[in-house]
Amino acid sequence: MVDLTIKISDKIELQNPIMTASGTFGYGDELSTVINTNLYGGIVSKSLSLEPRIGNPPPRIVETPSGMINSIGLANIGLSRFLDEKAKYFQNYNGKIIINIAGKQDDEFYTILKKLDKIEWVHGFEINVSCPNVKEGGIQFGTDPEFMFKLIQPMRDLTDKFLMVKLSPNVTDIAQMAEKVQLAGCDAVSMINTLYGAAIDIYSGKPKINTVVGGLSGPAIKPVAIANVIKTYKAVDIPIVGIGGITTGEDVIEFLLAGASAVELGTVHFFNPNAVDEILQFLVSYCKKMNIKRLRDITGKAKI
Amino acid sequence: MKNICESIIIENTQLTKDYWKLKLEAPTIAKNAKPGQFIEIYFNNSVKIFPRPFSIAGIDENNLVLIYKIVGSQTKKMTSWKTGEQHRILGPLGNFFQINNIGTNVLVGGGVGTAPMIFLRSHLISKGLEPKYFSGARNDLEYFPEEVKNSQLFISTDDGSKGFKGNVVQHLEKEIQNFKQPINIYSCGPKKMMEALKKLGQKYKIKVQLSMETLMACGMGLCQGCAIKTYSKNGEDKISLVCKDGPIFKAEEINFHG
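Here the protein sequences come in this chain order: A and B. Residue numbering for the first sequence follows our numbering, starting at 1 and increasing by one per position. Residue numbering for the second sequence follows our numbering, starting at 1001 and increasing by one per position.
Worth flagging that the hints you see were computed from the coordinates, not collected in a lab. In this text, a Cβ means the ideal position worked out from N, Cα and C, and glycines have one as well. Fair warning: there could be bad hints in the mix.
Quick look at which bits of chain B chain A covers, simulated, 3 or more residues with Cβ under 8 angstroms [said to hold, decoys possible]: (1) 1002-1010; (2) 1047-1058; (3) 1147-1154; (4) 1224-1231.
Just some of the chain B residues that point at chain A, by a computed CB distance under 7 angstroms [stated by the list, open to error]: (5) C1218; (6) G1221; (7) I1239.
Construct the entire structure; sequences and hints are all you get.
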């Protein structure tokens, strides 16, 4: 029997290391009629803000080689509607529920955090300090270590639940950002959010997405993510949740070897909604083949 | 309810230079699909990663019928698919046309936008209604639906190589006086054509339903990428998702200037 369970810090134990990446899985319930959503170790919700957000005008996405650029602008239904409409589904959900929070200023983050801290079915938080598509706040929170530290430090006093910060690769040194997350007393880092990306229509001369520059995701960014996980694993003791272009079980193993304790599936949901099933089957067969009893033992075991 | 399945190719035949007909065995999807809905086809292509959306052009027992046009490398690839092969699909997706049982039902298909109209026509005929079907294209090299019983077909081409010379909306406007009121228009086609239909609807006070198209990724509201500009009931600016809020919209909802 292969043991796929993992702990991300002492606060959260998952039945397996596969979670969903925010913004690629709706609020968590949309796919529940198409696939078995209970297969995931955990679901990370779409980014939530206090008030509903309409998001950016079209065009919002473009397909690029082995990837895509998006500029959705954190369109979401807002905290109140989320709690009203989704509570019933999540109360009956088997895995862990992590709520991704995106605010424009400090206060918005804190208000949401305080409210959700009291909700029983919320097991933890992922703080989005790194959305490239929101003008106010977004970028600076995620790229200036001191600015981010000031934002996240007070959060530790607001919740004892699992608290993770999602980091942007669009910085000089991601490990330095992760050190600040650790210093602030957070439980984990997740990485990487999307890379800057742009594309131009050569016939009209116009950018292919409305905000000109958006976030690049998909298989194309996996090597960038692996490199960042390797670097961060050396720099911090808190667990790393790996994100970036994961498509197959092989990709998951690569992230774990690089230093990730768990992973999030993102863009793959758009072209293979049932990837989680195929990945879990691979993880079991890989462990058997490699004579690994507990998958969690391979974290950081790349021969570097 | 939507479903992912490994569909089996029953038939894949060339109709005209660029138009093909694909018949796929997918019982659960076929059972649930309604006119106006679409499916996503997954291509298992590591470079072009998105699935591609296709309107459903008909149901034949356990099978879905698609009419597709070669527009890029994925549709080109589809022409090589052989009977018996399996391809993963997701569907039925999106909302569907709202059928009116009184007056005249007018279907307007432009180019490959004629595909969902074929499904809608069969559906209306099966309900004992007798729709008028306007099919327009650039020239006679494109695909036009066949004549069928209990439905009148009006063909137009921009260059006059087949049927009425002019665009499909001009053709419709020429005939519309002869139709019994109230008239309901259902349409799918190029943006310009649908914008002209919206204007026509306003001019003659006719209800128009439009099937919108845009670049799409997931097809089920996960990515929120297929956004278009729309108006709310009060006329306020809004953003809607073609995959989930559509693809069918009332003409007055669409902001063509966005």
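Evaluation of the provided hints:
1. Residues of the region 1002-1010 of chain B lying with their CB closer than 8 angstroms to a CB of chain A number 3, which satisfies the three-residue condition for coverage.
2. Restraint check on the region 1047-1058 of chain B versus chain A: 5 residues with Cβ-Cβ distances below 8 angstroms, three needed, restraint holds.
3. Counting residues of the region 1147-1154 of chain B whose C-beta sits closer than 8 angstroms to any C-beta of chain A gives 0, which falls short of three, so the coverage hint is violated.
4. Given a C-beta distance limit of less than 8 angstroms, the hint that chain A covers the region 1224-1231 of chain B holds, as 6 residues qualify and 3 suffice.
5. Given the 7 angstroms rule on beta carbons, the hint for C1218/B holds: about 4 angstroms separates it from the nearest Cβ of chain A.
6. For G1221/B, the shortest C-beta to C-beta distance to chain A is roughly 6 angstroms, which falls under 7 angstroms, so the interface hint holds.
7. At its closest, the beta carbon of I1239/B sits 5 angstroms from a beta carbon of chain A; the interface hint therefore holds under the 7 angstroms criterion.
Violated hint: 3 only; the structure is consistent with all others.
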